[in-house]
Amino acid sequence: MESVLMDNLWVIIGTFLVFLMLGGFILLEAGSTRMKNAGHIAGKTIFTAGIGSLVFWAVGWGFIYGEGNWFIGLSDFFYGDASFSGEGLAPAVDFMFQMMFALVAMTIAFGGFAERAKLSAYVIFAVLFSVLIYPVVAHWIWGGGWLADHGKQDFAGSTVVHLTGAMAALAATLVLKPRIGKYNKDGSSNNLAGHNQVFTALGVLLLWVGWFGFNGASTFEVADAFFGFVLLNTQVAAGAGAVAAMFVSWALTGKADVPTTLNGALAGLVAITAPAGFVEPWAAVIIGLIGGVIVVFSMRWFDQARIDDPIFALSVHGTVGIWGTLANGLFAVPAFSAGIGWGQPGLFYGGGFTQLGVQTIGVITSGLYAFVVAFILLKVMDRVMGGIRVTEEEEIVGLDLSEHGGYGYPENIPHPDDRKGA
Amino acid sequence: MESVLMDNLWVIIGTFLVFLMLGGFILLEAGSTRMKNAGHIAGKTIFTAGIGSLVFWAVGWGFIYGEGNWFIGLSDFFYGDASFSGEGLAPAVDFMFQMMFALVAMTIAFGGFAERAKLSAYVIFAVLFSVLIYPVVAHWIWGGGWLADHGKQDFAGSTVVHLTGAMAALAATLVLKPRIGKYNKDGSSNNLAGHNQVFTALGVLLLWVGWFGFNGASTFEVADAFFGFVLLNTQVAAGAGAVAAMFVSWALTGKADVPTTLNGALAGLVAITAPAGFVEPWAAVIIGLIGGVIVVFSMRWFDQARIDDPIFALSVHGTVGIWGTLANGLFAVPAFSAGIGWGQPGLFYGGGFTQLGVQTIGVITSGLYAFVVAFILLKVMDRVMGGIRVTEEEEIVGLDLSEHGGYGYPENIPHPDDRKGA
Amino acid sequence: MESVLMDNLWVIIGTFLVFLMLGGFILLEAGSTRMKNAGHIAGKTIFTAGIGSLVFWAVGWGFIYGEGNWFIGLSDFFYGDASFSGEGLAPAVDFMFQMMFALVAMTIAFGGFAERAKLSAYVIFAVLFSVLIYPVVAHWIWGGGWLADHGKQDFAGSTVVHLTGAMAALAATLVLKPRIGKYNKDGSSNNLAGHNQVFTALGVLLLWVGWFGFNGASTFEVADAFFGFVLLNTQVAAGAGAVAAMFVSWALTGKADVPTTLNGALAGLVAITAPAGFVEPWAAVIIGLIGGVIVVFSMRWFDQARIDDPIFALSVHGTVGIWGTLANGLFAVPAFSAGIGWGQPGLFYGGGFTQLGVQTIGVITSGLYAFVVAFILLKVMDRVMGGIRVTEEEEIVGLDLSEHGGYGYPENIPHPDDRKGA
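Chains as they are written, first to last, in the UniProt record's numbering: chain A, 1 to 422; chain B, 1 to 422; chain C, 1 to 422.
Bound conformation, chain A alone (with noise of 0.2 Å):
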């Protein structure tokens, strides 16, 4: 019994954790862009918290972990009646902890939102992505579908997480076209710079310690303090990105940049999600580093296809999040499997081509399902809403004071009107 209370806390100390990562993602959403949206990109972090925690509560659990079919679960709605066996997670430990991962994922998705999209297409999109977007992977991969079923691994959400937030976001960078500015007529493209690196540094932080709690809770339990290792893989993996990221940018542009070393952090982070718990540290060294590698050629891939990434969620968790599920077949390790009941033989530990097939097809079918349910979900809205962008002149003055009424900065922005007389 102590043994599974232990457990218990273990993952609600991880649920702190995960939740602490939407502080990093206001850090880093406001901090990689302008001035004049800060307010708003701050403050819908917390209102889209508020909305995805309540549809999970409403339908969420149930879509995700209720008795179903192979598509989607269809019971224990509005939490359900589940009282707490003894053995295993409580349900409502194990409900809080799944919710913050419901978070994340719409949080990475409203990142291909960001400084051009209508306060009600954040509200509405909310609800869309949390009723009909996230629980229908989550279910499939860890909620007993039909990827599950396949032997479709993800430690701690590479795909489940990271991919379906960025293809959504992929959806709406698509839906929603680029940033007034960010392009010129010749085809080049300008730096619409965030405008503070200490957000974005801190925000970085911030993810990296919620990290801890998104891939090591995911143990789920405390035995053989087998998190330990998962953590130790998710560290080395992390400063490998982060420093892979910075030399990558140094030698390809003389400077070191700022945002593009952060984004390294965060590639091996996403990385090693999927295989945290299935590799040797050496082979996360390796992970990370190759995330930290292409994250830089992913940002400057999209930033060529004139596709408009202000927070670069598709390259951080869309690209590297395929990476990551796909590096799970190719260094998973036997050894693991046996002891924990994790893990199937990697591609160079014997176990052929098998596992990375069906990574591979759980990466195809899930990114598919929620870029093509999110396109359309998107342009429908475009359709009723009358258009899901601010108008050019709200998107100039900056979507505080369109959207909010206020700049969240007042001292450092003018307000037109005092403009106007000045």
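A couple of the hints might just be wrong.
In silico BS3-like pairs for lysine-lysine, Cα to Cα no more than 30 Å straight-line [what the hints assert, rightly or not]:
{"hint": "1", "chain 1": "A", "residue 1": "Lys379", "chain 2": "B", "residue 2": "Lys379"}
{"hint": "2", "chain 1": "B", "residue 1": "Lys379", "chain 2": "B", "residue 2": "Lys177"}
{"hint": "3", "chain 1": "A", "residue 1": "Lys379", "chain 2": "A", "residue 2": "Lys177"}
{"hint": "4", "chain 1": "C", "residue 1": "Lys255", "chain 2": "C", "residue 2": "Lys379"}
{"hint": "5", "chain 1": "C", "residue 1": "Lys177", "chain 2": "A", "residue 2": "Lys255"}
{"hint": "6", "chain 1": "A", "residue 1": "Lys255", "chain 2": "A", "residue 2": "Lys379"}
{"hint": "7", "chain 1": "C", "residue 1": "Lys182", "chain 2": "B", "residue 2": "Lys379"}
{"hint": "8", "chain 1": "A", "residue 1": "Lys255", "chain 2": "C", "residue 2": "Lys182"}
{"hint": "9", "chain 1": "A", "residue 1": "Lys177", "chain 2": "B", "residue 2": "Lys255"}
{"hint": "10", "chain 1": "B", "residue 1": "Lys379", "chain 2": "B", "residue 2": "Lys185"}
{"hint": "11", "chain 1": "A", "residue 1": "Lys182", "chain 2": "B", "residue 2": "Lys255"}
{"hint": "12", "chain 1": "B", "residue 1": "Lys255", "chain 2": "B", "residue 2": "Lys182"}
Some residues of chain C that are not near chain B, with every Cβ distance over 10 Å (derived) [what the hints assert, rightly or not]:
{"hint": "13", "residue": "Asn190"}
{"hint": "14", "residue": "Ala201"}
{"hint": "15", "residue": "Asn412"}
Bear in mind the hints are in silico, worked out from the structure with no lab data behind them.
A virtual CB, placed ideally from N, CA and C, is assigned to each residue, including glycine.
Based on the hints, put chains B and C in the right spot on chain A.
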């Protein structure tokens, strides 16, 4: 023994989280006020926490939990000589957890001082509040005093922490009078907008995380992983509060004001603080929603009453603190009482008006005590100190300069000596 | 077995908190320096943490705890092949906790580089410090080296972490020379004030929270909930330090300087780091108070000696780190030794000068080693790299631009190219 140690581990984790709330308050208060006072507001949170810690060690703990009478405890000053019996909480762990509640209450009280009180007033009131106000109410309800004898419930401090802090803030607001420029001669009010909504939003997020410790560890034990249920209630109430306040603000003004939305999240958290362990999740949602609605109208009412409350402490912690305490009388469920030794039948569950009556008496007497004592102390201070408010000139240049000798943002705000030359 | 897992849980929680200290340092360092260097300072904390993590994995852990001799450990590189025996800490958990201490020591050292060192100097010194300096001192005291053999006590790293970091910072300060504009020709000093005291205050709060892990989890076990006592000492010492420094500053200058007050809280924390588990609460208050007084005079002394220490690392971590280590020799209580296997009789408790002597020798040898090796390394780097300091022009425009290609606050600081046109 193991589960006893786990209880101690849980409560010390809660201690960390409640202390982190002071970081949330630094951001919330600094973000809600103007640049010229930001260094002062952030810095005073640290040194008043220092004062509060020393006072709690010297006399606070003894006044609350020492052997005494119906009014106050009178032993165990300077931590006393307690040693860990091996049962329940270790004295030092309990001491640390309770200290953090005292620091939070004091920080709430200082919301009423913002942007106009002398630094020396902070120093002196930090001592007086920690000696004469907080420990008395805490003894009444949590330390075996007269309200405890009558069955007053306060799961995690809606009354003890939030109402007590808010009533002291109200006294300060009335004694200090509104800030220069807040109200016009025609009775209309100006919005002296806070300078940084990213700070405010991140502050709310940190407070939200901290509340997981505030409410969660108020179980004082890990038995049945009941903390998970408490946290589930906490989460959905906070989410409901944020969503409700945003929509009310949107409906009333045509814009979804960011600070109002953020206060809604806090209102949900304050409202659920008393009933978190006694109600079902659907009731938590309703309690949070109503809290989010109440806070908006309370903010408007105080503004119209020309009571200047820069951080909204009166509405968030006062009005909603009262709502939360009463809501416990309305929604508490007998089933939880039976299972875990807490709670009394609520109004909607056949308990009649008894519990609601006790809650009401507790709110009135505790609130009156805190307000009256704070008001008298501040009036005496005002007389003895030649005023607890800075001069008009000092208020205009800002407290960073007048009380601390330099601006918190020296590169954003030129020093007056430099401005004269310009 | 359960209590062993609880020990592991406790230490991994401590790991999270110590890593969160890096977030505190991001804010403390960025807030204490000027806007033109803020992105650089925040960003370098992330990538040097990455470098430090990889180096600790490769050789740091082995140098500290591997089988070796009186000077250094020489096994278990690349994490080694340790598996969890089921007793004590799991190797991965211990590894993670110790890694965080190494990262904190390195971050302290970089305080001495602020606002003038080349980015490449950070990269190279991060490696050298993590390979040649920190692990050696840590092996001497914590890894079974010669000081451990002589009974040197360092509960949580006053010497190993704080003094070592500060001595490397001192070496850097001396090699790099003061910042442009810091000292006038007549010997007087200018206050190159940090740009954001909200960052500084929040940074101190995060460091304070992190210290709960730093000191608390240095018990390495949950037995007797002794961590509660350690944390009580930590809390009152920090509070006493903040209060003392504020009043001393107020008395000396007529104004309660905010950065000085904040340094007082840190001084209390540094001072109690060595004795946290060995002294009684009243002694912790005295140790913190004296720490808060010392830090103010130390800051003034370094300034008068024209040693430019932007983040006050020398005073906070160096001078006060020495005080903390010696204070342990003065105040340690035999009773605690008996009960928990730690501690030696202190000067005031009949232990005579023996323990104070060992502490003194430990401080001197460790400090000298760190300083001399850092000084030599930096001098060699200075020669080989054509200077470790940026050019005068680069320093004036700021390291954000010179080292990273763009300002951390691009909307607050116009790019020089734009300024030329203006």
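Structure-based check of all given hints:
no.	hint	result
1	A:Lys379 x B:Lys379	62 Å, violated
2	B:Lys379 x B:Lys177	12 Å, holds
3	A:Lys379 x A:Lys177	12 Å, holds
4	C:Lys255 x C:Lys379	40 Å, violated
5	C:Lys177 x A:Lys255	25 Å, holds
6	A:Lys255 x A:Lys379	40 Å, violated
7	C:Lys182 x B:Lys379	46 Å, violated
8	A:Lys255 x C:Lys182	27 Å, holds
9	A:Lys177 x B:Lys255	25 Å, holds
10	B:Lys379 x B:Lys185	26 Å, holds
11	A:Lys182 x B:Lys255	27 Å, holds
12	B:Lys255 x B:Lys182	22 Å, holds
13	Asn190	12 Å, holds
14	Ala201	3 Å, violated
15	Asn412	8 Å, violated
Hints 1, 4, 6, 7, 14, 15, counting from the list given before, are not met by this structure.
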